[in-house]
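Chemist: What follows is each chain in one-letter form.
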Amino acid sequence: MTDEPPADVPMIEIRNLHKTYRVGEIDVHALRGANLSVARGEFLAVVGPSGSGKSTLFHILGGLTPPTSGTVHIGGQDLLGMTDAQRTDLRKSTVGFVFQKYNLLPTLSAADNIAIARDIAKKPRETDPAFDQILELLGLKGRLHHKPRALSGGEQQRVAIARAIVNHPAILLADEPTGNLDTENSTAVLGLLRDLNTRLGQTILMITHNPEAATYGNRIAKMRDGRVVE
Amino acid sequence: MAGTRGCYTKALIHRLVLENLKHRPVRTLLSATAIGVQVTMILTLVGVSQGVLGDIAARSRGTGADILVRPPGSSVLAFSGDMPQGIVGLVRKEPHVVMATGTKVQSIGNFDSITGINLEEFNAISGGLRYLEGGPFQGPDDLLIDDVYAGAHQLHAGGKLDLGLTWRIAGVVESGKLSHIFARLDSLQDKYSARDKVSVVYVKLDDPKNLAAVIDSLKVKLEDYKVFSVDEFISLISVDSIPILKRFTNVVIGLAVIVGFLVVFLSMYTAVLERTREIGILKALGASPGYIMAILLRETFVLAVAGAIAGVLMSFGTQWIMRVFVPTMPMLIVHAWWPWAALIALTGSLIGAIYPGLKAARQDAIEALVYD
Ligand SMILES: Nc1ncnc2c1ncn2[C@@H]1O[C@H](COP(=O)(O)OP(=O)(O)O)[C@@H](O)[C@H]1O
Ligand SMILES: [Mg+2]
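As given, the protein sequences belong to chains D and X, one line each in that order. Just so we're aligned, residue 1 is where the first sequence starts under the numbering used here, counting upward by one. Just so we're aligned, residue 1 is where the second sequence starts under the numbering used here, counting upward by one.
Note that these hints are calculated values from the structure, not bench results. Fair warning: there could be bad hints in the mix.
[Unchecked claim] Computed list of lysine-lysine pairs in DSSO-like fashion (alpha-carbon distance at most 27 Å, straight line):
| no. | chain 1 | residue 1 | chain 2 | residue 2 |
| --- | --- | --- | --- | --- |
| 1 | X | Lys221 | X | Lys246 |
| 2 | X | Lys219 | X | Lys191 |
| 3 | X | Lys221 | X | Lys197 |
| 4 | X | Lys221 | X | Lys359 |
| 5 | X | Lys246 | X | Lys93 |
| 6 | X | Lys197 | X | Lys226 |
| 7 | D | Lys101 | X | Lys226 |
| 8 | X | Lys204 | X | Lys160 |
| 9 | D | Lys147 | D | Lys123 |
| 10 | X | Lys359 | D | Lys122 |
| 11 | X | Lys197 | X | Lys93 |
| 12 | X | Lys197 | X | Lys209 |
| 13 | D | Lys147 | X | Lys160 |
| 14 | X | Lys219 | D | Lys101 |
| 15 | X | Lys209 | D | Lys122 |
Can you make the complete structure from the sequences, with help from the hints?
Modeler: Below you can see the structure in the form of structure tokens.
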């Protein structure tokens with residue numbers, strides 16, 4: 001699995017992080033000096049107005065886009081100056097991603113959607129007892145052979161969460177995981193995230209617009225104008 | 001994951017590939033068929049080439065001759081060159097020659113030709129034509145046709161046949177001896193103003209063991225003329241000895257590669273465009289550019305193999321079509337060319353998959369996942 005730092009070192013350490021997108025002639029400053037520290041085993045809810053840079057922060061943490069300046073450490077790895085190949089490795093082994101919607105490959109069954117994450121990480125399909133426990137928490141036994149279109153939105157999102165953690169990532173990043181779900185399905189997904197955090201000690205960062213969803217976390221970080229304000 | 005466990009991560013990527021292909025059945029079917037048509041084109045061309053040449057060889061052997069003499073400078077399959085008929089008399093004087101007869105080949109377009117023969121002499125060499133309908137020539141306008149030609153054009157003894165000039169069909173004979181259409185040598189020479197000209201002299205010996213000696217002797221006497229044993233002549237009838245056919249085959253192979261390339265390029269390009277999101281998901285999961293590329297190349301491989309199989313099957317269809325509609329051009333199923341045709345299809349296809357594959361591999365993951 002991943003080389004984890006000693007327990008006293010934060011899992012995530014962000015200092016003065018900047019991210020500037022260039023759109024045509026214009027520079028868009030998505031992050032302007034963000035600071036954040038997340039301990040191992042934390043479940044952090046990230047809130048803030050639209051456009052405040054929450055997704056951008058996650059994309060940098062998840063290795064989907066490089067930072068412009070500042071320091072970012074995940075599990076002891078420095079993200080600044082990483083090559084494309086190193087960021088691919090980061091996605092493969094250090095972080096798990098859950099997006100708002102359309103998370104699953106439509107042509108594969110739920111079980112195969114999970115298995116493909118193992119395949120990409122070049123791990124055998126057989127998972128370990130800890131993962132069996134996760135599937136237990138998922139509450140999807142008997143639904144795994146279905147294709148995504150035969151599953152409800154909540155079920156799809158739970159499969160996506162299972163896939164995101166099947167390789168035991170150091171952190172799980174969830175960008176508005178309940179943004180597309182009704183109350184009942186939202187509750188199931190949030191409950192799963194909390195169980196993963198409390199029972200397995202999974203470090204989780206979750207973006208949400210919903211104040212009630214934010215209470216599932218054990219800390220809230222608020223973002224505004226590309227900074228973490230509290 | 002009870003029931004879905006097992007060691008098949010490799011099988012998983014195969015499943016993804018197959019599901020992707022199944023997801024767009026019409027596109028998959030059309031792509032494979034288009035690749036198949038190329039394979040069929042190659043196999044048909046090769047099959048007809050070899051079939052026609054084999055047929056010519058068989059009919060040459062069917063003359064029963066041991067040696068044939070051709071005019072100076074003639075190429076293997078251009079039978080219509082001329083030489084003076086006097087050569088026949090010269091050849092006859094050679095020791096061990098039992099019989100020699102001159103024939104005149106008159107091309108009448110459409111790959112067809114009329115062969116002028118002296119019926120008595122030809123019968124003496126070949127052992128005689130077998131009549132299925134009618135009988136030998138009676139007048140100067142009479143033709144004999146073989147059953148293949150008769151079947152192809154629904155002709156019967158007693159009927160008329162227009163081959164530029166109008167002929168009467170005196171008889172239908174069993175195929176396999178020299179030509180599909182025979183006329184009297186003297187009347188063919190008259191009608192086409194080629195008095196005393198012949199194209200080939202067929203020679204029968206008393207004993208095949210004198211073959212080498214007679215050939216050597218004839219080569220000395222008929223300097224510059226082409227003197228072949230029938231075996232040697234048959235060995236020369238191959239695609240390699242006909243440069244135009246070889247070039248034409250290469251052109252068709254080139255076209256097959258290009259069409260395979262275009263078909264797969266378009267098919268995979270649209271696949272990549274419509275799978276932007278799936279590719280983004282794979283990338284977010286840590287799939288490397290090589291992983292994405294491998295999926296598309298595998299899909300292409302399956303398309304090409306399916307196309308090659310379809311092409312082979314369709315070549316049996318073209319063989320049937322040739323047999324029914326162009327029986328004078330028999331087509332062989334040339335098994336030895338199956339792997340080559342498949343390889344040619346695969347080459348064009350894989351080259352076609354490169355650009356779409358690179359596009360997919362380079363695609364930005366976020367754009368696909370964040371913006372709808
Ligand atoms: N790939 C991108 N290219 C250009 N601008 C972007 C891109 N992603 C985000 N932005 C811009 O960066 C700012 C922050 O966006 P984002 O991180 O998505 O905020 P949030 O998730 O908090 O709504 C916005 O102004 C957005 O338009
Ligand atoms: Mg966002």
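Chemist: If a hint holds in the structure, say so; if it does not, say that too.
Modeler: Structure-based check of each hint:
1. Lys221/X x Lys246/X: The hint is violated at about 34 Å.
2. Lys219/X x Lys191/X: Violated. Lys219/X to Lys191/X sits at ~32 Å, over the 27 Å cutoff.
3. Lys221/X x Lys197/X: holds (19 Å)
4. Lys221/X x Lys359/X: violated (72 Å)
5. Lys246/X x Lys93/X: Given that 27 Å is the threshold and the Cα spacing comes to 40 Å, the pair is violated.
6. Lys197/X x Lys226/X: Holds, at roughly 16 Å.
7. Lys101/D x Lys226/X: At roughly 81 Å apart (the allowed maximum being 27 Å), Lys226/X and Lys101/D break the hint.
8. Lys204/X x Lys160/X: Violated: Lys204/X and Lys160/X sit about 34 Å apart, past 27 Å.
9. Lys147/D x Lys123/D: This hinted pair holds, its Cα atoms lying about 23 Å apart.
10. Lys359/X x Lys122/D: holds (24 Å)
11. Lys197/X x Lys93/X: holds (19 Å)
12. Lys197/X x Lys209/X: violated (30 Å)
13. Lys147/D x Lys160/X: With Cα atoms ~71 Å apart, Lys147/D and Lys160/X exceed 27 Å; violated.
14. Lys219/X x Lys101/D: violated (87 Å)
15. Lys209/X x Lys122/D: violated (73 Å)
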